Amino acid sequence: GQQVMQIPQYQHVQEGEDFTTYCNSSTTLSNIQWYKQRPGGHPVFLIQLVKSGEVKKQKRLTFQFGEAKKNSSLHITATQTTDVGTYFCAGPLSNFGNEKLTFGTGTRLTIIP
Amino acid sequence: DAGITQSPRYKITETGRQVTLMCHQTWSHSYMFWYRQDLGHGLRLIYYSAAADITDKGEVSDGYVVSRSKTENFPLTLESATRSQTSVYFCASSVVGTDFEAFFGQGTRLTVV
Chain A
1 GQQVMQIPQY
11 QHVQEGEDFT
21 TYCNSSTTLS
31 NIQWYKQRPG
41 GHPVFLIQLV
51 KSGEVKKQKR
61 LTFQFGEAKK
71 NSSLHITATQ
81 TTDVGTYFCA
91 GPLSNFGNEK
101 LTFGTGTRLT
111 IIP
Chain B
1 DAGITQSPRY
11 KITETGRQVT
21 LMCHQTWSHS
31 YMFWYRQDLG
41 HGLRLIYYSA
51 AADITDKGEV
61 SDGYVVSRSK
71 TENFPLTLES
81 ATRSQTSVYF
91 CASSVVGTDF
101 EAFFGQGTRL
111 TVV
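Protein chains in written order, with the working numbering: chain A, 1 to 113; chain B, 1 to 113.
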């Protein structure tokens, strides 16, 4: 079945360093979403990418959607302690509807002060 | 987000018992979902509903039952709880016409002993 893989599973960085997580799908995605989950919290929507090669920025966060629409990345510049959490990518479960999201396994980011 | 609430937040139950997790949303979102979150597996879709009286299985639906008689409620029932169903359960909702951004509840931590 369709799978969404995410790497790395864990990432420890010094505060101020950059961080990147990668998301890969076994099939072409119509769109991809990114979520952040703080420790003990619930996933919160960050952004959606729809177009091939699309790049979107939110302050220190840069999101990219691959040309083939099978991979995506999230890059955080100069991490801060507020960036701690698990970052998930999510794509539609099937080509017949965008509403059923398959989530990646997530990348847990910890910051060393 | 106050718009989608789950209850209870914590539950301990015994193997073989039936348990129901409640989910209520105040936005009148058409789509509602149940996910379970386990370490190393990310978020896995259990069931989803496109509207009242319309439900469909996700990737890990065995042992679970859902109903949706009203748009705002989407209870999840474990018919005969097993230890493998110990998990954190998240309810989410989204609405057609947007980016299908999913709004998550606070989660229910279920322990089956």
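Keep in mind that the hints are not guaranteed to be accurate.
[As the list claims (entries may be wrong)] Chain A residues, not near chain B, derived (Cβ > 10 Å throughout):
no. : residue
1   : 9
2   : 13
3   : 16
4   : 18
5   : 26
6   : 35
7   : 39
8   : 41
9   : 70
10  : 81
11  : 83
12  : 100
13  : 106
[Stated by the list, open to error] Away from chain B, derived, C-beta distances all over 12 Å, residues of chain A:
no. : residue
14  : 6
15  : 11
16  : 14
17  : 17
18  : 57
19  : 62
20  : 66
21  : 71
22  : 82
23  : 92
[To be verified] Straight-line distance between alpha carbons at most 27 Å, and here's what the computed BS3-like set of lysine-lysine pairs gives:
no. : chain 1 : residue 1 : chain 2 : residue 2
24  : A       : 100       : B       : 70
25  : B       : 11        : B       : 70
26  : A       : 59        : B       : 70
27  : A       : 36        : A       : 70
28  : B       : 57        : A       : 70
29  : A       : 57        : A       : 36
30  : B       : 57        : A       : 100
31  : B       : 70        : A       : 57
Quick caveat, the hints were computed from the structure, so don't treat them as lab data.
Just so it is clear, the structure is predicted and the values come from calculations on it, not from any experiment.
Positions of the beta carbon are idealized from the N, C-alpha and C atoms, including for glycine.
Structure-based check of each hint:
no.	hint	verdict
1	9	violated (8 Å)
2	13	holds (21 Å)
3	16	holds (28 Å)
4	18	holds (23 Å)
5	26	holds (14 Å)
6	35	violated (8 Å)
7	39	holds (12 Å)
8	41	violated (8 Å)
9	70	holds (18 Å)
10	81	holds (23 Å)
11	83	holds (19 Å)
12	100	violated (6 Å)
13	106	violated (5 Å)
14	6	violated (8 Å)
15	11	holds (15 Å)
16	14	holds (25 Å)
17	17	holds (25 Å)
18	57	holds (17 Å)
19	62	holds (18 Å)
20	66	holds (19 Å)
21	71	holds (17 Å)
22	82	holds (19 Å)
23	92	violated (8 Å)
24	A:100 x B:70	holds (20 Å)
25	B:11 x B:70	holds (24 Å)
26	A:59 x B:70	violated (40 Å)
27	A:36 x A:70	holds (20 Å)
28	B:57 x A:70	holds (25 Å)
29	A:57 x A:36	holds (15 Å)
30	B:57 x A:100	holds (10 Å)
31	B:70 x A:57	violated (39 Å)
Figure legend: structure checked against the earlier numbered hints; hints not met, in rising order: 1, 6, 8, 12, 13, 14, 23, 26 and 31.
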